[in-house]
Amino acid sequence: SSFFNNKGESGGGIYNYQSNPSVTHCVFEGNDAGDNHGGGIYNYESSPTYSSCIFRKNHAKYGGGIYNGMNSQASIQNCLFVKNSAEFGGGIENFKSSPGIVNNTFYGNYIDNYFGGGAVGNDSVSNPVIKNSIFQNNYRTSDDSLANIYSSHFENVTYCCFYRDQT
587 SSFFNNKGES
597 GGGIYNYQSN
607 PSVTHCVFEG
617 NDAGDNHGGG
627 IYNYESSPTY
637 SSCIFRKNHA
647 KYGGGIYNGM
657 NSQASIQNCL
667 FVKNSAEFGG
677 GIENFKSSPG
687 IVNNTFYGNY
697 IDNYFGGGAV
707 GNDSVSNPVI
717 KNSIFQNNYR
727 TSDDSLANIY
737 SSHFENVTYC
747 CFYRDQT
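Per my numbering, the very first residue in the sequence shown carries number 587; after that it's consecutive.
Because the hints were derived from the structure by calculation, they are not lab data. Owing to the predicted nature of the structure, the values given are computational and were not obtained by experimental measurement. One or more hints might be untrue.
Okay, derived cross-link-like pairs now, SDA-like style, lysine to any residue, Cα gap no bigger than 25 Å in a straight line [claimed, not checked]:
no. : residue 1 : residue 2
1   : 682       : 710
2   : 682       : 663
3   : 643       : 611
4   : 669       : 718
5   : 643       : 663
6   : 717       : 689
7   : 682       : 711
8   : 643       : 620
9   : 643       : 607
10  : 643       : 700
11  : 682       : 743
12  : 669       : 693
13  : 717       : 635
14  : 717       : 742
15  : 682       : 729
16  : 717       : 620
17  : 682       : 621
18  : 669       : 728
19  : 669       : 725
20  : 717       : 751
21  : 669       : 699
22  : 669       : 635
Have a look at the derived ranges for each label pair, beta carbon to beta carbon [as the list claims (entries may be wrong)]:
no. : residue 1 : residue 2 : range
23  : 603       : 751       : 23 to 33 Å
24  : 727       : 748       : 12 to 22 Å
25  : 605       : 747       : 29 to 39 Å
26  : 608       : 731       : 33 to 43 Å
27  : 606       : 727       : 27 to 37 Å
Note that beta-carbon positions come from the ideal geometry of N, C-alpha and C, so glycine has one too.
The whole structure should be built from the sequences, with the hints applied where relevant.
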C-alpha cells in the first residue's frame, strides 16, 4: 500500500501517458493539480486498473480524484471517493473515454460549477459503464443541490444507489 500527496501540474499523484499500470490498495489524499487535470490521477490514452484505493480531498479543475482523457479505458473497482473537488467531475471526469466504474462509493464530492457531475462528469462522447456503486451527498457548491452524474449523452448506469442525507 502507498500514500500519495503532491501538488503541481496535471496528475497531482500519478500521470499516466500511454501506459497501463495496476494500482491496488493506495491512498491519494490532498493532491492538487490546480487549474489542470486529475488531482489524484491523470490518464491519457491509458488503460490502467485501480482497485481498493481511496481518493480523498484531491482537487483539480477537471477530475478532482481521476481524470480520464483521450481514449483512456480505466478500470476503477472497489474504490472510495471522498470530498474530492473540481469545476468538472469532482470524483472522476471523463473526456473521450469510457472507463469501467464498478463497486465504488462516492461520498461528499463536489463541483464549483452549475454542471459537471459532483461525483462523475462525462463529456465529449464518453460512455463509461457505471455499475453497483453508491452515490451519497455529492453536490455543487453554487446552490448546494444534488449533483451526482453529469453527461452530455446517454449513460450506462445499473444497480446504483443515489441518496442525500436529510438535514
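Which of the numbered hints above does this structure break?
15, 16, 23
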